[in-house]
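2 protein chains.
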Amino acid sequence: MRTVDPVRHEAKRRHILNAAAVCFARKGFERTTVAEICAEAGISSGSLFHYFPTKRSVFVAIFEQDGRDNAERLALAAEADDPWQAVLDLVDSLAEPLAEPRMARLAIEVAAHASRDDDFAALLFHNDRELAAGLADLLRRAAAEGRIDGSVDPALAASWIVNLVDSLYGRASFTADFALEDEVAMLRLILTRFLLVEPRKD
Amino acid sequence: MRTVDPVRHEAKRRHILNAAAVCFARKGFERTTVAEICAEAGISSGSLFHYFPTKRSVFVAIFEQDGRDNAERLALAAEADDPWQAVLDLVDSLAEPLAEPRMARLAIEVAAHASRDDDFAALLFHNDRELAAGLADLLRRAAAEGRIDGSVDPALAASWIVNLVDSLYGRASFTADFALEDEVAMLRLILTRFLLVEPRKD
DNA sequence: GTCTATATATAGATAGAC
DNA sequence: GTCTATCTATATATAGAC
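So the sequence lines, in the order shown, correspond to chains A and B. Counting from 1, position 123 in the first sequence corresponds to residue 123 in our numbering; the numbering is continuous, with no gaps. Counting from 1, position 144 in the second sequence corresponds to residue 144 in our numbering; the numbering is continuous, with no gaps.
Any given hint could turn out to be false.
Identical copies carry no separate label here, and so any pair may be met within one copy or between two of them.
[Said to hold, decoys possible] Lysine to aspartate or glutamate pairs mimicking DMTMM-like chemistry, simulated, CA-CA at most 25 Å apart:
hint, residue 1, residue 2
1, Lys27, Asp153
2, Lys12, Glu100
3, Lys55, Asp153
4, Lys12, Asp177
5, Lys55, Asp117
6, Lys27, Asp117
7, Lys12, Glu30
8, Lys27, Asp166
9, Lys27, Glu96
10, Lys55, Asp5
11, Lys27, Asp118
12, Lys27, Asp119
Note that these hints are calculated values from the structure, not bench results.
Kindly generate the complete structure, drawing on both the sequences and the hints.
Structure, rendered in structure tokens:
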């Protein structure tokens, strides 16, 4: 008979992480205080430190989920019949969180923090490489089928696609009246013209 | 007979700003202490606060120069005979600071800080809009001469070019073995295929 | 103008009652 | 497991001698 209920424990952890994400998006890692996270979550600092050993560990835990989410999306994309369409769909799905503007700020905060925290950077780096590797596979298939330009190195092109999506996040936090649909459409146009072999119809 | 030598004053200011830029690139705005800047500059905190009222003012001063530099580059580009070539050259010159890796980290720190400091964001926003406006003019000229695709809105395309260059900065701080020349070449390929009207030769 | 010394505030994290 | 109270460290900025 155990004294802790693991389900309740996990639920509370997530509750804290959600509150923390809101705060980190609002003010960044350094300027967000543990007291603010506690206020947002409706708990005391003693309680927060019962669930997480440090403020940093709260931050890191938020993004460990991301790698898992992307791995799922890649697995789905790998099963698609049309690899090039799968690439475009993947780009759409990666851009989707931008419908919530605070996610853009959080993404930038992540990049900034990674440049000063090597372990955290390694986590993100791993996530990005997994994503780029999955994209490269799709591009290779598309090139084999003659759908896209085979002269561009798939690995390099894949890492540029990841980067272009990242740039969309930068753009979202920096552009007044950011219109997600228009921006995604432009990104698709850039990618299509960059890689598609077929003659232009536009 | 004045007691301050304005030349010496300005030189000291720049010395402090250079030292501060090194520190901010290394650890970000929040984690960099005034004491560290002073150590890097070889002065005391009392002395630093003689030149700048706050730590933030030091940070801001570093980037006020950027707008002036870009304005100069734009003025040069506006006089070029070949507007499309001028765009590509401008992109090269914007990417050039990346030869020093610490500049990439500083750029990311800037973006993160801007998302929490509205006045600072306004400064950067102004700089970016000036740059995009200048690029849009060049694109309009290039389209009028039939050099590039006239169906793409020049203003939107221009802001994407600015964004693609920004993404290069993100990429630089995130890519192992970042090879500036290869990356710039790929960026030029993307831009050329995105906008150029002439049939592909590759 | 530059320094040393320090005021003041506020952070992350801990202790221990309940 | 959650709280209140607090420790300890460290930060920005100031005061005032030289």
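Here's how the hints hold up against the structure:
When the C-alpha separation of Lys27 and Asp153 is checked against a cutoff of 25 Å, the pair qualifies neither within a copy, at 39 Å, nor between copies, at 35 Å. Proximity of Lys12 and Glu100 under a CA criterion of 25 Å is satisfied intra-copy only: 23 Å inside one chain copy versus 45 Å between copies. In this assembly of identical chains, the alpha carbons of Lys55 and Asp153 never lie at most 25 Å apart, being 41 Å within a copy and 46 Å across copies at closest. Proximity of Lys12 to Asp177 under the C-alpha cut-off of 25 Å is found in neither arrangement, the shortest distances being 36 Å within a copy and 41 Å between copies.
Both within a single protomer and between protomers do Lys55 and Asp117 lie at most 25 Å apart by alpha-carbon distance, with minima of 13 Å and 22 Å respectively. With identical chains, the CA atoms of Lys27 and Asp117 are at most 25 Å apart both within one copy (18 Å) and between copies (9 Å). Only within a single protomer do Lys12 and Glu30 lie at most 25 Å apart by alpha-carbon distance; the minimum there is 23 Å, versus 30 Å between protomers. For the identical chains of this complex, Lys27 and Asp166 are neighbours both inside a copy (20 Å) and across copies (22 Å), given an alpha-carbon limit of 25 Å.
Within a single copy, Lys27 and Glu96 get their C-alpha atoms as close as 22 Å, which meets the 25 Å cut-off; across copies the closest is 31 Å, which misses it. In this homomeric assembly, Lys55 and Asp5 come within 25 Å of each other (Cα to Cα) only inside a single copy, at 24 Å, whereas the closest approach across copies is 48 Å. For a Cα distance limit of 25 Å, the shortest separation of Lys27 from Asp118 qualifies both inside one copy, at 21 Å, and across copies, at 12 Å. With identical chains, the CA atoms of Lys27 and Asp119 are at most 25 Å apart both within one copy (22 Å) and between copies (15 Å).
Consistency note: the structure conflicts with the earlier hints numbered 1, 3, 4.
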